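S.K.: Keeping the supplied structure of chain A fixed, place chains B, C and D upon it in accordance with the hints.
Protein chains in written order, with this note's numbering: chain A, 1 to 167; chain B, 1 to 502; chain C, 1 to 660; chain D, 1 to 98.
Everything labelled a hint here was simulated from the structure, so no lab data went into it.
Hints are supplied without guarantee of correctness; some may be wrong.
Stated by the list, open to error - Cβ pair distances, simulated, as ranges:
(1) B:Thr-200 - C:Ser-633: 45 to 55 Å
(2) B:Tyr-472 - C:Pro-220: 33 to 43 Å
(3) A:Ile-6 - C:Tyr-643: 40 to 50 Å
(4) C:Lys-606 - B:Ala-474: 38 to 48 Å
(5) B:Trp-49 - C:Val-592: 46 to 56 Å
(6) A:Phe-72 - D:Asp-89: 14 to 24 Å
(7) C:Gly-656 - A:Ile-6: 32 to 42 Å
(8) C:Thr-637 - A:Ala-140: 42 to 52 Å
(9) C:Ser-531 - B:Tyr-472: 55 to 65 Å
(10) B:Ala-209 - C:Ala-210: 44 to 54 Å
If you're wondering where the values come from, they're calculated on a predicted model, not measured in any experiment.
Every residue gets a Cβ at the ideal spot worked out from N, C-alpha and C, and that includes glycine.
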Amino acid sequence: MDGTRILFGGFAVLAIASAGLCITRRNPVASALWLVATLFSLAALFVLLDAQFIAVLQVLVYAGAIMVLFLFVIMLLNLGRAGPTDLKGPLGLGVGVLLAGLLLVQLLVLRQAGPAAGGPARATTEQGMIPTVARPLFTAYLVPFEITSLLLLAAIVGAVVLAKRKL
Amino acid sequence: MYSQAVLTALLGWPVVAAAGVLLVPERWAKHVALAASLVEFVISVPLWWTFQPAAGMQFVLDLPWIPAWGIRYTVGVDGISLFMVLLTTFLVPLSVLGSYAYITTRQRGFYALMLVLTSGMIGVFVSLDLFLFYVMWEVMLIPMYFIIGVWGGERRLYAAIKFFIYTFFGSLLMLVAILVLVLRVGQQTGLYSFSYAYLTAHLGGLGPAAFWLFGAFFLAFAIKVPMFPFHTWLPDAHVEAPTAGSVILAGVLLKMGTYGFLRFALPLFPSVALHPAIQAGIVTLALIGIVYGGLVAMVQPDFKKLIAYSSVAHLGFVMLGIWALTLQSVQGALLVMINHGISTGALFFLAGMLYERRHSRLIDAFGGIAKVVPLLAAALTIVSLSSIGLPGTNGFVGEFLVLLGAFPTYPRAAIVAATGVIVAAMYLLPALQRVIYNPLDKPENEQLRDLSPREIAVLVPLLACIVWIGVYPAPILRRMEPAAKNLVQSVRLDAATFTATR
Amino acid sequence: MPLPLLPPLTLLWVVPALPLAGSVVNGALALAAPRAKRAVSLVGVGVLVLAFAAAALAVVALAQLHPSAPLVVRYWEWLPVGDLQVAFALQLDQLSAVMILVVTGVGALIHVFSVGYMRGDPGYARYFAYLNLFVFFMLTLVLGASFPVMFVGWEGVGLCSYLLIGFWFTEKINADAGKKAFVVNRIGDFGFLVAMLLIFRHTGSLDFGAVFPKASAAFPAGGPVVTAITLFLFLGCTGKSAQIPLYTWLPDAMQGPTPVSALIHAATMVTAGVYLVARCGPLFALSPVGSATVAGVGALTALFAATIALKQWDIKRVLAYSTVSQLGYMFLGVGTGAYAAGIFHLTTHAFFKALLFLGSGSVIHAMHRAYHATHAHEDAQDMRNMGGLARYMPWTAALMWIATLAIAGIPPLAGFFSKDEILGAAFARGAVRPAWYVFWGMGLAAALLTAFYMTRLMLYTFHGPNRTGDREREQLHEAPPVMTGPLVALGVLTVLGGALNIPPLFGGGARLEHWLAPVTDVALTPAPDASPATAWALVASAVLVAALGMVGAFQLLRPEALVPARLAPPARGLGRLLWKKWYVDELYDAIVVRPVLWLSREVLWKIVDKRLVDGLLVNGTAAASRALGWVGSRLQTGEVGVYVVLFVVGVLAVVGAVVR
Amino acid sequence: MLLGPALAVSAALFALGVLGVLLRRNAIVIFMCVELMLNAANLAFVAFAQQLGVAGQIFVFFVMAVAAAEAAVGLAIILAVYRHRHTVDLQHINLLKG
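Next comes chain A alone, as it looks inside the complex (with noise of 0.2 Å):
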């Protein structure tokens, strides 16, 4: 068990170090590509955490696509240089490092009054296989399936009138 427990604590670290990276860095590439080593860094702890479709979508959607999009979106308006620094000055730092600071403490104080963690734990090995997720998303969930289906429909179009030079 103490194996899936280390596993678990190094993609974490990475997964944080990462974040901390990609929101430092000036240059937008830069922040994008470490934004993709936290994603899959959290693929990764997906995983461990028996999510095995949600990894794999993670990997495919997120880091795939959406990442993508941003690299291209940032090409296409030539901003790869590393520009000067966008941050807010101090004032604006230490504002910001405040409150990121005192919403982790809240969070974490949330997490000691959630529910009893302690809970059997459900069968483990096939629960993040593709039929468990699967099945509920065709039955219970069918309507917010189809919605969604609009959702990206919408974005689309939107994406293209909003984008396009012309109409």
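M.R.: Using the frame of chain A, we list chains B, C and D on its own:
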């Protein structure tokens, strides 16, 4: 059948007529409106004979309106509201006739609004269901806003908005109070009903909340009366309103505040109303109103503002009469409400006529016109004397009864109020002198034309009432006596029982 | 039980109704056909003569019955409200009988005089309408059977005096004088009103027939309530009958036409106060403090007004202050409980004061015509422009001399008897209450001054060199018969007036006193009549004082030293103080009028109304809500960053709340 | 059971995401930080899904869909703004000033 339908007819007919006026070509609007308002008056006149004084609430019509919430369409008239209805139907035709020359633009709109205003006003006086009362209270507000706002003087928008928001603010609090009242009574008795009779029958259980509810009702009505601190909207509204607007505003709208106190505030919260602190407070405000209104009226350069402040003084008498709660004082209060409607209405008509001739409301713009326009000067003198309360005119009878009735309950207050008699002479006589006497030194005043037949037709009914009520008020007093006696006894009785239980 | 009413008494309403009808007709004529002078004078005077006849008939009928209780005739319910049942009812008893005779009699004579005096005036019809209306209200006042009906008359006469004083309203002074009269009267009426409230509160009724019998039961003698009532009633009297402190309006009232001054400000309206005190005898009897105040103020006013009259140059102002002074005597009389003496003086005063005023009217009329003829702009009423008029106006001069002798108190004329009775009563009362000795002293001093200033008036006006001016002199001649006729009639009345109530001292039957007995028998029983010796001494002192005053005037004054008004040097020292009426008007102006005006304009209107209530509360709340809106808009800086910060702060707050 | 540490990581990532949004002025980077916060939330979902049933994972699935839609539209907006204002620095884009 007449007794069932008359009140609803009085309510419905003006609205129908208003629609009719809108369809008529502009030139005919005023004549149709006059005819419609005369029909309204003709409908209301039989009320005078068929009204049995001792029979309490009459001409009652009670239909379910929104049963789910216990709201019914109940209308009825008793000794108190009968004269308010008659005053309304009496003043509206006169004000329509009076604004023939005054209103030149968008006449259809003006006369339609006047008719809608009529039904709103009559609605307030006849409704015996708190919800219906509130609706009518708001219905009456909107046409008045437009009348001041569209056809008014220079600062009409400011005056109209101020009038609307001031009254609306008060009435919203009243709505809240009505709802809380209905809910509280509903909780205790199981039946949620807005009916006035039901609510007055199941009082007592309100406990300390009664103070706040009374406070809300008080604020809404005090703004309307207007009582001292809440009166500043009145001079602006009067100065900017067209003649007809001022006449209706002073003649009828101000009476809704005092009528509200008599019909709703006192009977619904007797123990609070007669609480020594509340009594002292209201009587003091009334006294301030009388003396303050008079003194400030004395120094007004604008004739209409002077009349507006004099209204504050007159209605201070009414409030003193109501809160003294003796038979003479309540009847006196009711009589002052009627007399104020007539004499101040006449004053505003005359102010309007002066304005039509010289396009100025300033008292100093005139002087010595008695030589040029003797008829107008004579009418202005008689109406001013009635407003001062000269014995033999209607003004005196009302105020005399109020003082006579208020003396046993508040001796000192009655004496201070009696000084109002002096202050009245001090503000109206100098103004009268500056307008009609004094040297005729301004060339424009030389060729003023005297009263036209139409203007005489407007003034004669009012002058007749001034003399008639002054000399022989017995028929009016007889008709309102049972209702007043019932009100006084029931409020004093309830107050005694509930103060005991609290 | 009121006695069965004989026909003439049920027609009591005819007496006031006639002048009312006359007023309405004349009013209509004024608006419709102001030029119809003949019809107007016919109606105006005719109505008054008929009213006098009706009054006489009623009095004769009353005399036959000689009831102890007044005869009350109720016409219609006026204020039927709960236990307050006031009916419009008239009552006739001995007191009101005397009054209606005086009002209609003297009134008729003055109406005849007015026909001549006002002949040239464009507002002729309007004048007679107002004059008739005045007589109607005066009769209502006198015949009223309850306090409110009397109050109708009370304020009605105030209204008519306002209209008549300001008759020539195109001059601002006249209109101001009218307004001042009405406002001051209104202050008095306030007192009357409050007294009515007190009476109703304690006796539950306002009818004389109900209040007076109940008075002794309802009010403990000398108690605070009855004293308050009497003092408030007296406040009303000071307003109407021009006593200190509310007398200032009467001298200014001289701006009105002279017949008006004669009728209203000498014979009838100003005596309403005396009538009120006489009518409310039972109340005043119960309150020694009240009566003492009435007598005291009366005596003080008598003396005070007499001093001012010494130095007045306007002939009508002298007579005005003389009226105020004589009214002081009447109040001294009724104050001491000698109601009969007070009413007797009222009657005789009506005769000779009306004569004096009408005489001065014909003098002024002549002076006006003279100045008018030569287009001179001189004050026709200033004695300094007159002098030696006896040569041109013998009748007026002779008749005015008769009136002057009467008012000075020279026997056998009317003034002597009435004034002497009042002084006698005051002196007798002195034995019981020493204060009355002081009042008697003041009365005597006032008598001396009266004789002096009246003789001064006669000397300056009718004797010595004529100062009117050469060309005007030819125009000066006697008034037309229509004016001198009433003068003669009043002269006769002044001479014979005394006969009404010759006291037993002179073997007279004191008929007026017996006539008024039923009304006044409840009054204060004055101390037993002094012994004949003191009575003669009193009479002698009164006559001596009168003679002294007249001789003194002859000796001290030199009419020949006078110069016309234009050239007259300004008065100085005490003379100026008296001429300036002890600066009382200026005092009132400074203490009352200006501060009230300042208070209401600057403080109440500008500060309280405009700034505090309107500015702070109303517009203030409006401004506050607008300010709130502005603060909100400042927050929307447009920078996304700021919004995010706010967003996160919000999240923190929510999570914080959840966590805690 | 890895629920405890997973939530800790999720909290850390979320805090970093917020910090990123607060500090950066470049619109796209802010966008990325928002994505980071979404992933932190997904992590929490998955952590709980282990114990409370697979609904959590389904929810993550929907979150991703929405995130994708949101990214697309967001970037389109940024593109449109860029074309107009030639900058993505949020400091200068304050047309909606109050």
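S.K.: All hints are to be evaluated individually against the structure, with a verdict given for each.
M.R.: The hints, checked one at a time:
For Thr-200 of chain B and Ser-633 of chain C, the hinted distance range of 45 to 55 Å is satisfied, since their beta carbons lie about 49 Å from each other. Checked against the hint of 33 to 43 Å, the C-beta distance between Tyr-472 of chain B and Pro-220 of chain C comes to roughly 38 Å, which is consistent with it. Distance hint check for Ile-6 of chain A and Tyr-643 of chain C: the Cβ-Cβ separation is about 42 Å, which falls inside the suggested range of 40 to 50 Å. At about 45 Å, the CB distance of Lys-606 of chain C to Ala-474 of chain B agrees with the hint of 38 to 48 Å.
At about 51 Å, the CB distance of Trp-49 of chain B to Val-592 of chain C agrees with the hint of 46 to 56 Å. At roughly 20 Å, the beta carbons of Phe-72 of chain A and Asp-89 of chain D sit within the given window of 14 to 24 Å. Look at Gly-656 of chain C against Ile-6 of chain A: about 35 Å separates their beta carbons, and that is inside 32 to 42 Å. For the pair Thr-637 of chain C and Ala-140 of chain A, the beta carbons lie near 46 Å from each other, so the given range of 42 to 52 Å is met.
At about 58 Å, the CB distance of Ser-531 of chain C to Tyr-472 of chain B agrees with the hint of 55 to 65 Å. For the pair Ala-209 of chain B and Ala-210 of chain C, the supplied restraint of 44 to 54 Å holds, since their beta-carbon distance comes to about 48 Å.
When the structure is compared with the earlier hints, no violation turns up for any of them.
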